Amino acid sequence: MKKRQNVIIKGTKDGLTLHLDDSCSYQDLKRELDLKLSANTRASGQNQLIPVHVQLGNRYLSEEQKEEIKALIRQKKNLVVDKIDSNVLTKEEAESIRGKAEVSTVARIIRSGQILEVTGDLLLVGDVNPGGTVRAGGNIFIMGALKGIAHAGCEGNEQAIIAASSMKPSQLRISDCINRSPDIVESEEKHEMECAYIDDNRQIVVDRLQGLIHLRPNLTRLED
Amino acid sequence: MGEAIVITSGKGGVGKTTTSANLGTALALQGKKVCLVDTDIGLRNLDVVMGLENRIIYDLVDVVEGRCKIHQALVKDKRFEDLLYLLPAAQTTDKSAVTPEQMKKLIEQLKQDYDYIVIDCPAGIEQGFKNAVAGADRAIVVTTPEVSAVRDADRIIGLLEKEENIEPPKLIINRIRNHLMKNGDMLDVDEITTHLSIDLIGIVADDDEVIKASNHGEPIALNPNSKASIAYRNIARRILGESIPLQPLEDSGKGMFSKIKKFFGVR
Numbered sequence: 001m002k003k004r005q006n007v008i009i010k011g012t013k014d015g016l017t018l019h020l021d022d023s024c025s026y027q028d029l030k031r032e033l034d035l036k037l038s039a040n041t042r043a044s045g046q047n048q049l050i051p052v053h054v055q056l057g058n059r060y061l062s063e064e065q066k067e068e069i070k071a072l073i074r075q076k077k078n079l080v081v082d083k084i085d086s087n088v089l090t091k092e093e094a095e096s097i098r099g100k101a102e103v104s105t106v107a108r109i110i111r112s113g114q115i116l117e118v119t120g121d122l123l124l125v126g127d128v129n130p131g132g133t134v135r136a137g138g139n140i141f142i143m144g145a146l147k148g149i150a151h152a153g154c155e156g157n158e159q160a161i162i163a164a165s166s167m168k169p170s171q172l173r174i175s176d177c178i179n180r181s182p183d184i185v186e187s188e189e190k191h192e193m194e195c196a197y198i199d200d201n202r203q204i205v206v207d208r209l210q211g212l213i214h215l216r217p218n219l220t221r222l223e224d
Numbered sequence: 001m002g003e004a005i006v007i008t009s010g011k012g013g014v015g016k017t018t019t020s021a022n023l024g025t026a027l028a029l030q031g032k033k034v035c036l037v038d039t040d041i042g043l044r045n046l047d048v049v050m051g052l053e054n055r056i057i058y059d060l061v062d063v064v065e066g067r068c069k070i071h072q073a074l075v076k077d078k079r080f081e082d083l084l085y086l087l088p089a090a091q092t093t094d095k096s097a098v099t100p101e102q103m104k105k106l107i108e109q110l111k112q113d114y115d116y117i118v119i120d121c122p123a124g125i126e127q128g129f130k131n132a133v134a135g136a137d138r139a140i141v142v143t144t145p146e147v148s149a150v151r152d153a154d155r156i157i158g159l160l161e162k163e164e165n166i167e168p169p170k171l172i173i174n175r176i177r178n179h180l181m182k183n184g185d186m187l188d189v190d191e192i193t194t195h196l197s198i199d200l201i202g203i204v205a206d207d208d209e210v211i212k213a214s215n216h217g218e219p220i221a222l223n224p225n226s227k228a229s230i231a232y233r234n235i236a237r238r239i240l241g242e243s244i245p246l247q248p249l250e251d252s253g254k255g256m257f258s259k260i261k262k263f264f265g266v267r
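Going down the list, the protein sequences come from chains A and B. Positions 1 to 224 (the numbering used here) are the ones given, in order, by the first sequence. Positions 1 to 267 (the numbering used here) are the ones given, in order, by the second sequence.
Chain B with its partners taken away, still in its complex shape (with noise of 0.2 Å):
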């Protein structure tokens, strides 16, 4: 029996898409196996960060409405040997082709053939995100070092912690970049933390391979030597239960990393 994880955010445009592919692709890389399922129809674009939009054939709706096997319409990723699949959204209907009931039925289904359930939500707070947090027992937040991002983190939390079936959120802070933060002219990643009052369960460094990366199609976490890539392959080995330390945002600042340490847990 596997177990569903959606990343959410409120906020539009601080990579939960590229989160999704990412931490899917990680814990494909951990051997574990893993399906992504796309909630945003209407507005689908996971497919085209993993490169699998030309294999698609049928897609989430298709599989609510009966029209298809659910196997029918997972899509495979090449690149792993049978551990990574791809549930596409639709593209032609909207949010309200599916209920958070159908979702949930989906989801328990899935969770019968695969390790984990890595579910994409969309902006926002509506039938969109209900039905993508219906089916989920864990949750990630992802917020970027912004005050907007940050509110509106804040408020998806809240709806969060009202669901029953889903434990505490974790969170994640992406596209830091470090000389703002270093400056005070961001948020710093301490302030974020005990504004929102949820564990951290990484932090992401801004950075220009991850939208090349994902032009092509092709997920940075595949590639070993960005940095971007090193921070969602630790939080996808904390996602299965390691402790690992936070990397450092820059090779010299030993001071952060030694903050950054203390309130992640590690002493």
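The following block holds chain A by itself, in its conformation from the complex (with noise of 0.2 Å):
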């Protein structure tokens, strides 16, 4: 009897979807995708680029593992590899998802030459001090008031915000825009809470906290 196949191709609306064992060797299952891909290529005539979906089941694949399927699969004219799923995870890559959705809480006061670094939300009881830093790569949160840096979406989300009792910062960046604070400082009268955001003209505006709930309507994390 012959065996079971390591390679399983189907189609869907969206292009092709591959199905590769993961209780077969890598080697085994490279062979065999080469194989099935040869046999496939000469019923397409077409120019059009057909997208290729890859499901790896339980197999953990390394980056240049991936690049080997994607090579492989490219080779054969019109098939694009659009993505790579797998159900396993690495250690760090599931650490870094975690950190990436966590608000980490921290009660402190960040003085001058001070930075507070978190690569999710931040949450920060307490002051940043003229000269200090906060930076995240969610959003940022300050109990106290702002009268430092804060720099959220520091690995490029534009979709950041920043949040402070009292809006005083000498800095705030969100993604990539830089706004400095105005050299005129106003009436202090306002004690309301404020917070930043990147507008349509990508620029960083800040607004009464309120105007989020429309603006930024994932911040609510909380499903019902």
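Hints are computed from structural coordinates only; laboratory data are not their basis. This structure is a prediction, so every number in the text was calculated from the model and none was measured. Don't take each hint at face value.
[Stated by the list, open to error] Heads up, simulated SDA-like pairs for lysine to any residue below, C-alpha to C-alpha not over 20 Å straight-line:
| id | chain 1 | residue 1 | chain 2 | residue 2 |
| --- | --- | --- | --- | --- |
| 1 | A | 168 | B | 188 |
| 2 | B | 162 | A | 168 |
| 3 | B | 162 | A | 113 |
| 4 | B | 162 | A | 108 |
| 5 | B | 11 | B | 247 |
Since each chain comes alone in its own frame, lean on the hints to assemble the complex.
Structure below.
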């Protein structure tokens, strides 16, 4: 009897899905994939590129191996790898995903010369003094006064926001936008909590906190 | 077993040396056995302010390098009966002549014989600062009501908070000019303390007498009639654990007094 197939090709309306078996060796898998795809190329006459979705199941592939698979598939004329899915994550990947989703609470004053950096959201219970810097991969929420520099979405997240009870920053940065505080400070009457975000013109604007509900609905993490 | 207190500020010229000299003197006046340690190697001047310059034979670097015994280097202040001593800094070499470990050992040794070791820290945050804080148990940050001094004080407080063996630092606001503060041309005491958010241990008014006294080699704390002297004496008593309200900055400043009392915790 013929052994079961290691590569199963399925056609969907978005292109092809390749189910790669996760219990055979990587070498066998590569060989069979090459064979299967070579057999298949003859049928397609048109020049249209067909996106391919690769399903790895419970197999973990290193970046190099992924590249190999991609190259293998790309060789076959009009196939192009759209994405590679696996049920397996390395510990580091899992940690980094968790880090990005986490809100880190810090109770401290960030003084001149100090830098506080977190991968996810930052909830700071305390002030950021002039000369101090807070940096977060996600949003920054400051319960005290922001008088130093805050950099939200520092890995390129333009949706990130900065909120502070007292917004007197020396500089605001979101993703790669920078906003300096005005040289002339208007009346210091405002005691409302404020927030900063990037608007449609890619400018950082400071506004009332309540406006965010409509601008950044994704801020809500609570699932009901 | 004594306690070592480092007097630091970050910025230069805010009055670290004057404060060290006067707190040392005031603590000695309270009957405590005090040793002043000048760690500003290469730019020593605590000895000048104390008027002990011409009695120096050995210095801190000599002690650390084993050229003399610690008691040989200590300069006794004749105005006090065996209560006040000074360990002068070396003038011929620089900050790198001593390591933090050596300083720590030295201060440990001094703590056996003295109630208080007052360490005068050099300006800056480099080797000299690290040496000065190495052996300290407590820290006092001196600032003036200027934005630059407060900014540097903030930096220094941040560095002190990282030191594990030092209690949370206390703040002295030095050289307050009342008329400028009242007009809002100078940062006021309240603003500075909320900004730095550490405990205030004293305020000292700007007083010409301080400069005059320093130039004569006599700490102002010896003069019982000066305002600055009383301020320093009060700080010394607060170091000893007494609870004393801050003095008013001016005689008729009733409103200010209650305001100061409020954040000093006196109700």
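So, going through the hints one by one against the coordinates:
Restraint check for residue 168 of chain A and residue 188 of chain B: the C-alpha separation of about 19 Å stays at or below 20 Å, so the hint holds. In summary, the hint linking residue 162 of chain B to residue 168 of chain A is not supported, as the alpha carbons are separated by about 26 Å, beyond the 20 Å threshold. Under the criterion of a C-alpha separation no larger than 20 Å, the hint pairing residue 162 of chain B with residue 113 of chain A is consistent with the structure, at around 13 Å. Under the criterion of a C-alpha separation no larger than 20 Å, the hint pairing residue 162 of chain B with residue 108 of chain A is consistent with the structure, at around 12 Å.
The suggested pairing of residue 11 of chain B with residue 247 of chain B is violated, with an alpha-carbon distance near 26 Å, which exceeds 20 Å.
In terms of the numbered hints stated before, the structure departs from hints 2, 5, listed from lowest to highest.
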